[in-house]
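Participant: Could you slot chain E onto chain A? The hints should help.
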Amino acid sequence: MTTTTAPTPDLVVQPSAITPDRVRLPRHLLSAGDLDRVTAEHVLSTAERLEQAIAGREVRKLPTLRGRTVVNLFFEDSTRTRISFELAAKRLSADVITFSAKGSSVSKGESLKDTAWTLQAMGADAVVCRHSSSGAPQQLSAWVDGHVINAGDGTHEHPTQALLDAYTLRRHLGALEGRRIVVVGDVLHSRVARSNVLLLSTLGAEVTLVAPPTLLPLGVESWPVEVSYDFDKALVGADAVMMLRVQRERMSGAFFPTAREYSRSYGLDERRRALIAPHGIVMHPGPMNRGMEITPQVADGAGSVIVEQVANGVTVRMAVLYLLLSGEIEQSGGVA
Amino acid sequence: MTGQATLIRGAAPYGEEPQDLLLADGIILATGSDAAADSRAADAEIVDGAGLVVLPGLVDLHTHLREPGREDAETVESGSAAAALGGYSAVFAMPNTDPTADTAGVVEQVYRLGRDVGLVDVFPIGAVTVGRKGERLAELAAMAYSAAGVRVFSDDGDCVSDALLMRRALEYVKAFDGVIAQHAQEPRLTQGAQMHEGEISARLGLTGWPAVAEEAIIARDCLLTDHVGSRLHVCHLSTAGSVEVVAAAKKRGTAVTAEVTPHHLLLTDERAVGYDPVFKVNPPLRTAADISALRAALADGVIDIVATDHAPHASQDKETEWDNASPGMLGLQTALSVVIETMVLPGLLDWRGVARVMSEAPARIGRLTGHGRPITAAEPANLVLIDPEARWTVDGAALASLSTNTPFQGMELPGRVVATYLRGRCTADAGVPAGH
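Taken in sequence, the protein lines are chains A and E.
At position 52 of the first sequence the residue is numbered 52 (the working numbering), and the sequence of numbers has no breaks.
At position 316 of the second sequence the residue is numbered 316 (the working numbering), and the sequence of numbers has no breaks.
What the hints contain is simulated information worked out from the structure, not anything from laboratory work.
Pulled a few chain E residues facing chain A out of the computed Cβ check, cut under 7 Å:
no. : residue
1   : G198
2   : E199
3   : L204
4   : Y275
5   : T320
6   : E321
7   : W322
8   : D323
Don't be surprised by glycine CBs; every beta carbon is placed ideally from N, CA and C.
The shape of chain A in the complex, shown without the other chains (with noise of 0.2 Å):
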């Protein structure tokens, strides 16, 4: 079998109206908040073409960044979004490490600071970083010289999450500005939310979040949305509702009194389903609780483009790499 390697023009970034020096993107991906408008907007049309780049192709991967090492370090368990990066960079021919903390060297007491060095030490080009505590991957950035990019670090952020999110968005309503996206669930706990709060604000849509007053953080005036703990009210006319799992054990801290409660006052069924504009679609980032927060119905019905999200995730995650690492690229001496 023949494997493709000529040079693939079509990922050649075309500056079009924008210039060059604007979509240069961070160093690191951090936060969604790294990101301005145009640059945003730089990472999804990359990753259009991306998507269309590698359906043209007999074997769907490109070489863009073979030679490369992209190492997942994922200190939580989270088996979608490693194997989402991985088969990401697997289709850019990166070479593709996975350091999970269970098992490891981690699991026996070393610090974070160690396994950067370790990482540092292995040469790895990028660090798709996941973990439990707020601000982990944010660390990791001042102990490697690769680029960090956060899978999602305790209750802060997720910023590839709100990327394939407004993918996702873009792909079914066009232009995210004015669009009015409802959000929905444990707004306290999730770095989905968090993320996708900033990017959909920059990105020119309108977020309303939805939730009992105990699942929104003091502090949310602050943010650019409307709140709302009326659910059936924000639905009406909406483009978009996304619902954020809502995980059983924040019962024990007594955030709202029953799942049965919670689910009637929270939680997206076909009659609610009904209220959004007809174009709108469902989201949601998984896993999903079935019945709590999501009925069955309106999970697999139609407007759900729930399984589409993770489709996007791969797509989203290989610009993302592409983006990081192929300035460097540059800076060695062009696309091999």
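Facilitator: Quick look at chain E alone, frame taken from chain A:
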């Protein structure tokens, strides 16, 4: 004991009229024109005090010396050196050591270690409850009547949250004129708390430490103190709301005193952006509005004293994930400069005021008779000489502590300690502790 005398020429007590001070036999032997005229001045060591301010030696009511147990982070010796270099002649050592200072044996050990080092008087604080577990009272009287003569009791690091236990502690220490120094933190409201609860914590995804968790305990304790007629000291008060609660209690006559730390006078919760755990502290850094309220309260006396909450931590306990890192900051060598920066330069406090909040009042709360005394003849020669015009840049690695966790790293601060005297003996001279 008749060692060599010291004649400090032309330093200004409380920043007022410059005059000479003759130190001999552990006391201020003479002042003004009497000093140079005294026979002991003839062979005295002469110290040029021109342009310097002289204050009574500083007293820190809230220090962590980490010994016994965490000698990798700080020892009585290294902490004493830091204290002397910071202008202190006395420090109170918090009991959250390993073993806990909850028995006469442990407090006497710390007291003796301090005496052997000899750079600063170390007064151990006794734990209120056994092992600081908040379950039953430690042997408070045994510690009070030990060689250490403990008068201040605290479970610092943890709150005596049980209302009945707190009531009993407040009542019990009346027998020996003790005081309960409360770490005010409602435990249920602060489960897993990482930083001040507000806009920044919401953005950073760090569990919030709400101001009300401090204010509710202070309010309760003031009422308990009234009820049993005892004495309460509030450790590291950090919020504008706490200021209001203490002000109201003082107004109605509650025997409550309160301290503020230098870091709470200068740094806000914005420092958590970037997740550098050097800025993690308990209670957490608060907002600019809180800082304004704390400064005003310190100026008008609602807050009685500045205490450092000097909390050394080994690097492995700080260079880690934020929620895994130990809370606390170095403070002994930067406290005076931060007070000058935040209180003296803005005109909120004069040097008399600095003497009051950093020496006289903390000595009085801790029932010390030999510290925080006036700068007059026959008083103990516990003094600090300060160059108010000097500026210096903080470098954690250059501080005397075994740890380097200063939140003021790289900051340029005003005021430098030129010398510290403990009963007439120079314990820190131009940045070098005695014996080094």
